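Top line first, the protein sequences correspond to chains E and L.
Those letters in the first sequence? Residues 6 to 357, per our numbering, in order.
Those letters in the second sequence? Residues 28 to 215, per our numbering, in order.
These are computed hints drawn from the structure, not numbers from a lab.
One should not assume that every hint holds.
Just a few of them, taken from the derived set where beta-carbon distance is under 7 angstroms, the chain L residues facing chain E [what the hints assert, rightly or not]:
1) Ser89
2) Ala92
3) Val116
4) Met121
5) Met123
6) Ala124
7) Thr205
8) Val209
Residues of chain E clear of chain L, computed beta-carbon distances all greater than 10 angstroms [stated by the list, open to error]:
9) Phe52
10) Thr82
11) Pro85
12) Ala136
13) Trp146
14) Lys158
15) Ala234
16) Glu250
17) Gln254
18) Val318
Keep in mind the model is a prediction, meaning the values are calculated, not measured.
All C-beta atoms, glycine included, are put in the ideal place defined by N, C-alpha and C.
Now for the letters of each chain:
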Amino acid sequence: MQNATVGVALRGHPSPENINGWPQRATPATIPFSAIVVLSVIAAAAFASWLPLQVSIVTLFLFAGPHNWFELRYFLTRLPVRFGRSRNFFLTAFAGLGLLTLTYVSLPFLYNATLWSEEASYVVIALWNTALLFWLTLLVWLRSKQKRGANWKWTIPVGLALCSLNWLGPDLFSLAIVYVHPLIAFWFLDRHILRTRPAWSRAYRRCLWLVPLVLAVMIWQLSATPALADNNGLFWRITQHSGAEVLPQVSSHMLVSVHLFLEMLHYGVWIIALPLIGRIASARFWEVRTVPIARHPKGFPRIVACALVLAVVVVVGLWFGFSIDYSTTRDIYFTVAIAHVLAEAPFLLRML
Amino acid sequence: MKSLLVACSLLLLFAFSTNADVAKPKTPEKAAKRVLHTGLEIVPDSKLYEAKLQISQSDFNSLRAALDGGAGSSPVVGGIAFSAPRTIVAGLLMFMAVSVGGVLIARSSSIGRAQKTIGAALLVAVLLGAAAVITRGNAGPPESWRWRNLPQALAEGKSTVGGVDVEIVPDDQMDGRTMRLVIPLKKQ
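For reference, chain L alone in the conformation it holds in the complex (with noise of 0.2 angstroms):
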């Protein structure tokens, strides 16, 4: 009986021991969830002991609600970058507009050469304006531009501002830190 028992025991002992060995199941990794895009102000300060974290009222404002609500950055931005279908539309009734008023200035005889010339760069413009903001077009240079002169700037005390977009990163992802920056800086 005794022998039993402590069979029983090793036993129980080895298998609670592999099973603690059976690497466990991979979880999937959950996305960084992103929350607002807004600016940020790098600015070495050699008189303070502590590194201070600055958020405006309104940005905090909007994380909250970005949260709270689960929407993106600003209600614009957000519902475009949120919505394919709804983006699709809002093209396609965009591309109708523009190629109806197109029609009308060509077809209109009141207007003149010149001001139907006008008429048709606004036109374009106008165009390429929707386009840039229904697609998110990157219309300028991208936001790594700005953090180029970062380490440069920072060894000469100087600021830099640029974007940076606000994530919320699951706990299991950030390594046991809390808060991490991370700045786009490519090799020059």
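Only chain E is shown next, with the shape it has when bound in the complex (with noise of 0.2 angstroms):
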């Protein structure tokens, strides 16, 4: 039974009572881990119903930039000093990043020059949300080809199906990109549980169920409240960004609180759980040197170390916007946001 073990961790597979150092089995420390997370989104979701339109701005002046500052940082940890037989899929990331970012800001000045008509504006939106598909669909098609029996073939399908449910409606895709992007910190907080605190990974699983379960109450609870008072310019912003103009019928209220709910915990993920959970090592994230490709003897410890203080700059800076000119730096910081959420997606894609 013992050597079977020993085999098994051998050929590359962890066995049953370690990975990567931690012990797979249930802890003690599994279920104050739990407590925390039942908490957290039982706390995040009462403030969100709440009070939407103060919490949303508080949390947005608190918690964006480091957010962001953290998401950089942990891309960092998770990029080989090589990229090896990943090139490809490297560079196709970069060059979509790249692109895709770069045409997302520049659409509001196009828009402005051109006068667009509503139409072709929504084909112009259609156009963008096509190309990030199939992006996203290239990315896979590249990852599948470096893993050894994936058979990713169906996303395929799967994304030109997406493509012509976006060209049905291209405003209601973009805001599904808005609600479904603060998930995508569920999936990488996921699999980095499961690399480094393997025993907690059916515990944090059975507690992501509370996330239907409170936003379905949420929703029920908050669907036939009146809309939110969006008279001046800032809580108008906050509506439209949730989709109270593409959804009219749907109150306002529910949609801030759900958006913001959702905001939330992805702010939560990124700024707490993913620096905490995992080796002592990665929790001290203000050390250039736990960053791997600062570390290692053929790394960029100075690029690396300018990348982190260039982004603490630009934290700064965006508190900064906010504290002079609240709803100008809101919109552009969503404006340029949408890089760090196309930028999860290979990353997502590596850890898979």
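Each chain sits in its own coordinate frame; assemble them with the hints.
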């Protein structure tokens, strides 16, 4: 029996008792972890339902920038020193990331400069979404070529079907991205826990069932609430971002609350859960040497340090911008922030 | 001079009279604009002394948003209804999705015969469903079917529920009235 376990471990599969040095069996620490997850989900739902607009303003001000910094740091830790066999994958990822971000950021300027009709703007949004879906499908295909035994061909018809739905309602598809993006953080955390604290994985997945349950309760409770007062520019922007214009028949209170709830969980995962769960070294997030490509003899410590310091400057600049002109900074942030939404795709694929 | 003035006055008078008789140029009739598709319940109530038109808050919001933005009822339906090119692209992509999916299922060696049959049936169902959505095909009975028993229900004091399109009609086409409920009743 013991030999069999050693044999499995030698072939690269984790033994039942030990993965990455962490015990796989449930430990006493699982209970506090589960309790924290459950409390966080309930607290986020309560705050988001209670004062959606006010809490949205405060949450974005405090956590938007830092969560991007932690995300950048996390992506740097997942980046290999040499691309090797993954060269095509990373080149496609970075080229698509740059091109899609650039076109997305330029869309508002083009819209103002050329005065598109409503239908033309729908077509442009549909084209951008189609490009995004093709890029994602291409990344999945490249990644599946690297993984032995992976058969991800089913993603091609799924991608085409999503493209089709996107052309039926481009604005709805874009809104779906706004709502789905925060959920991707849960997937990252799931993969991260599997690698670093496998004993917590089952508890974490059970806790995740609470999210749709809480969402259902929120929708049930808030669907009949009157629309939020969007009589000033900032409140109007928040309700618009949550889809009040695209879904006029749905209570804007519900939309803002649901979106805020997901955003709060998203920030919690990136700022608290991912840095703190795992190896003790990764918790010292301020140390550049904890990033593998900075620590490696053939790595790039200076580039990593510069990127992280620059990101800190951007975060402070964002706080300054929010203090001076919250509405404009919010608009700029959510336009540029598409880059981090896109960047999640290749790094998540690398973890699958 | 006097006779000239009288003649001019008469001429002007006749001119105005003649002008007044010229038929007004026909202005092109504006088509009624459909802004919302929703449900309607007609409820006879013997206790009321005046008819009431009740509208839900959400429908009112939709109506207001549709009037402000000029879009159709629900975003999806509105988007499909007002854009033929996008509908064509969506249809082509859905066709490709179903075709590629079908080929993958057919070629897959790991999937059994029964599973392939189920998969093919699912694909056909998805294709038909998507086609119905895209073309706004009338999968169910026509809306008029729900109203067929309205006279009988009114006579019996029962309510009737059916679909209704809210249309904004130009004032000159309303014959001085402000609201009109048109029910699709077929002769039986």
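**Prompt:** Hint by hint, which ones does the structure fall short of?
**Reply:** Violated hints (numbers, rising): 7, 8, 14, 16 and 17; every other hint is consistent with the structure.
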